[in-house]
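Student: Okay, here's what each chain looks like letter by letter:
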Amino acid sequence: MPRWGMVIDLDRCTGCQACVLACKAENNVPAVGMGEATRGRVISWMQVLTEEEEGHPGEVKRFLPRPCLQCDDPPCTKVCPVYATYLNPEGIVTQIYARCIGCRFCMAACPYNAKYFNWHRYQKEAPGQNPDVSVRPKGVVEKCTFCHHRLQKARERALFEKRDLAPGEYVPACAEACPARAIVFGDLSDPGSEVSRLARSPRAFRLQEELGTKPKVIYLTEGEGRG
Amino acid sequence: MSDRRPAPPRVVRAIQWAMAGAAIVFIGGIITWIIHLIRTAWGLRDVPSASIGISLVAIPVFLTLLGVILYVFWGLLGDRSGR
Amino acid sequence: MAEPADHRDATLLAPIERTGPGFYWAVGLLSLFILWGAIAYWTQLDEGLGVTGLHQPVSWGFYVTNFVFFIGISHAGTLISAILRLSRAEWRRPITRMAEVITVMVLFIGAGQILVDLGRPDRVLNVIRYGRYQSPLLWDATSISAYLTASILYLYLPMIPDIAILRDRLGKRELLYTVLALGWTGSARQQKVLNRAIAVMAVLVIPIAVSVHSVVSFVFSMTLQPMWHSTIFGPYFVVGAIFSGIAALIVAMIVFRKAYGLEAYLKPIHFRYLGQLLLVMSLLWFYFTFAEYLTGYYGGEPEEMKVFWAKFSGPFWPFFWGMALANFVIPVLCLMRLGRRTVGKVLAASLSVLVGMWLERFIIVVPTLSNPRLPFGEGIYWPTWVEWGETAGSFALFALFYLLFTKLFPVISIWEIREGREVGVKEVEERVVSYLPDTGEPVPAESVRRR
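Chains as they are written, first to last, in my numbering: chain A, 2 to 228; chain B, 99 to 181; chain C, 3 to 453.
Hints may be right or wrong, so weigh each one.
To be verified - Here are the simulated BS3-like pairs of lysine-lysine, each with C-alpha atoms no more than 27 Å apart in a straight line:
| # | chain 1 | residue 1 | chain 2 | residue 2 |
| --- | --- | --- | --- | --- |
| 1 | A | Lys62 | A | Lys25 |
| 2 | A | Lys215 | C | Lys260 |
| 3 | C | Lys308 | A | Lys62 |
To be verified - Covered by chain B, according to a simulated footprint, are these stretches of chain C (three or more residues, beta-carbon under 8 Å):
| # | stretch |
| --- | --- |
| 4 | 130-137 |
| 5 | 176-182 |
| 6 | 202-208 |
Everything labelled a hint here was simulated from the structure, so no lab data went into it.
All of these numbers come straight from a predicted model, not from anything done at the bench.
Even for Gly, the Cβ is constructed at its ideal location relative to N, Cα and C.
Please model the complete structure; the sequences and the hints are all you need to start from.
Tutor: What follows is the structure, encoded as C-alpha cells:
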C-alpha cells in the first residue's frame, strides 16, 4: 500500500507561484473576486506563505509553499462530526463534499490553516473546468487532495493496460508545474523512491513537528541545513 | 376536592398515556441512535473506543431519565384507581 | 391545598388570568428584534455564510460565541434549583421555577446557534446518520440532548401540583391543564412519588449540567491551538456558566418582579443571597482567569504569547479589559456591601456580568483564530448586520419564549410557597434544634444504647 508524500526544497523555490496557479486550474478552485479577497476569503489549496526578515519588514526571507500537509495523525479528521474528512489507507486526507455540513471545526483545528470554506456559491459548473474534479457547492470545506483524481485516472489506465502503476505516473499538478523542480512527489513507503531519499536528508524538517501531526509534506531547508 | 371534580374523560387519559409512550419513543430513539453510531464507527474501524466510552455513560443516563418519567406517570396516573 | 389559603397567592395566578397592554407592547418589541434576526438568517441561508464577517482564519465568530454564552446561561436552573433543593435552603422557594424555565428555554436558543452557524443546515441530519463520537461536537449533541430532556423533566415535575391548581381554578385551557396535571389530587401516595422523582432528578441533573459545559469547552480545548489547548477549560467554562446563569436569573427575577408585582415573594433577602452567590462566582471566575493567563504568560511560548498580547494590548484589548471590568471590578464593587438598595446593586452587577461573560466567550473564540501559527495574514474580524441581527433576534426569541411561558404557567411555584408556610417553618426549626447540643431532656432510646 503506497503512502503518498511530498518533499519541497526551499532552496529551489523562487516564490513564482506556478504551483498555486496550476493547482487552481487543475482543481476548479474558484476565483472569489476582489471583494471577497479583501475580506480574507481567497481559496488557495496550495498557498505560498512568506516569512519576512526580522528587522527588515517587507523583505521576504523565505517562501513556503504550503499544500495540505496530509498529516498521518490529522487534527482535522479527529474533530469532524460526520466523516466528511478522513485519512484514506494510502495516506491522503480526503474530503467528501457531499457530506460536509460546514461546521468548520476542521478549519479551527488545523494548525496549518490548510482548509478553506465556500462562503458563497463561488462558481457553478461551466465549460472550461476540469471535468475530473467536482465543483464544490456553497457551505462546504475544501482543501488540497494531492490531486487524488489523477491517482484514480492513472490507476485505471494502468489497470486497463494490465500493468502496475509506474513511479512518476501519478504526480499532483503543483509538482508537475514547478519550473524549479522544487516539489518532489512519490511513495514514502518505498525506501528507494526519490521522496523517501530526500525525506531522510539532513536538510529535511517538518512544519510544527512538535505538534505531533506527522505531516507527509517534508521541507528541505535552505543552505547546508542543520545536519 | 375529589368529589367536586368529575372523573377525567377518556380523551384526557389517552393523551396522558400517549405522552408516556412518546417519552419511551423519544428516549428509545436516542439510545437506538447512540448504538447506531457505535456500529458505524465499529464497521469503519474509526476509534470505536470513543463511541463505546461515551455510550457507557450516556445510555444509563437516558435510561434513568426514562425510568423517572415512567415512574411519575405510573405513580400519578395509576393512583386514581387506587382511591 | 385548602381553599382559604388560595387567596393569599392570587397574585401568582394573576398574569395567567389577565393580560395587560404591557404584555402586548413587550411582544411587539421582541417581535421586531426577532424579525431582524429572521431577515438576517434568511439572507444568510440564501447567500451563504459570506454575508457574515467570517473569513479564513477567523472562521468562528459571533455564532459560536453566542452558542457558548447561551448554553452557559442554562446553568442557572441547575445551580439554584437542584443544589439549593438538595441543601434544603428554604429561600429557594420563589426562585426555582424561574430558574428552571431559563434553562429549558435557553437550551433551545443555544442549540439553535450551532444550526445557524452551519454552512449546510440542510444536511444537519448527517450528524445523526453519520455522527462520529470522536468529535467533540457529537459529545455536545449527546450531552445537550440529555440536559434538555433532564431539565424539561425537572421543570415539569414540580409544576404538576401548580398545573392542578390551574386546572381546578382557572376556567380556561382546561384540556391543556387537565392533561398535563396527570390526575394530580394531592394524595399522600402521589406526593411521595413526586417528591421522590424530584429528589432523583435534583441529583441527576447536576452531573449532566457539569458535563454539558465541559464538553462545550472541549470543542476548543481538544484542538491544538494556542490558548485553547488548556486543561483548565472544563472547570473554567463550568464556573463561567454558573456565573452567567446566576446573573441571567437575577435579571429575569427583577424584570418579572416589576412586571407582575411580585415584591411580596421576591424580597430583598432573596436578592441579597443571590448577590452573595454572584460575588463568590465573580471571585472564582477571576481566580480561574488569572491562573490561566499567568500560566500562559510565565511559560512564554511564542505562539501563545502572540495570542496573549493580542488580547492584552493588541487589537482585542478593549474586549479583554472590558471583560475584566464587567466580570470582576463592577460586580465586586456593587456586591461588596449589600445592605441598602440591594435590588439595584444586584441588578447593576448582573447586567454587567452578562455583558462581561459574553465578552469572555468572544475573547476565547476569536483571538486564537485570528493569530494562526503559520505566517498567514492576521485576521481581523468585523461582524456584519447579519451577525448582530442574529444575536439580537436570539435574545429576543429567548425573552419571548419566557414571556409566553409566564402567561401559561405560574412563574413562582405556588405549592412550594405553601409548603414553605405549612411545613417548611416547622421543619427548619426541628433541623436547627437537632444541630444544637442536647439539653437535659428525656434521652431518646438510641443514644442510651450507644452509651
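Student: Now tell me if each hint is right for this structure.
Tutor: Quick rundown of the hints versus the structure:
1. Lys62/A with Lys25/A: Cα-Cα ~25 Å, so holds.
2. Lys215/A with Lys260/C: violated (61 Å)
3. Lys308/C with Lys62/A: Holds. Lys308/C to Lys62/A sits at ~20 Å (cutoff 27 Å).
4. 130-137: With 6 residues close enough to chain B, the hint holds.
5. 176-182: Result for this restraint: holds, n = 3.
6. 202-208: holds (count 3)
Comparing the model with each numbered hint stated earlier shows that hint 2 is the single one that does not hold.
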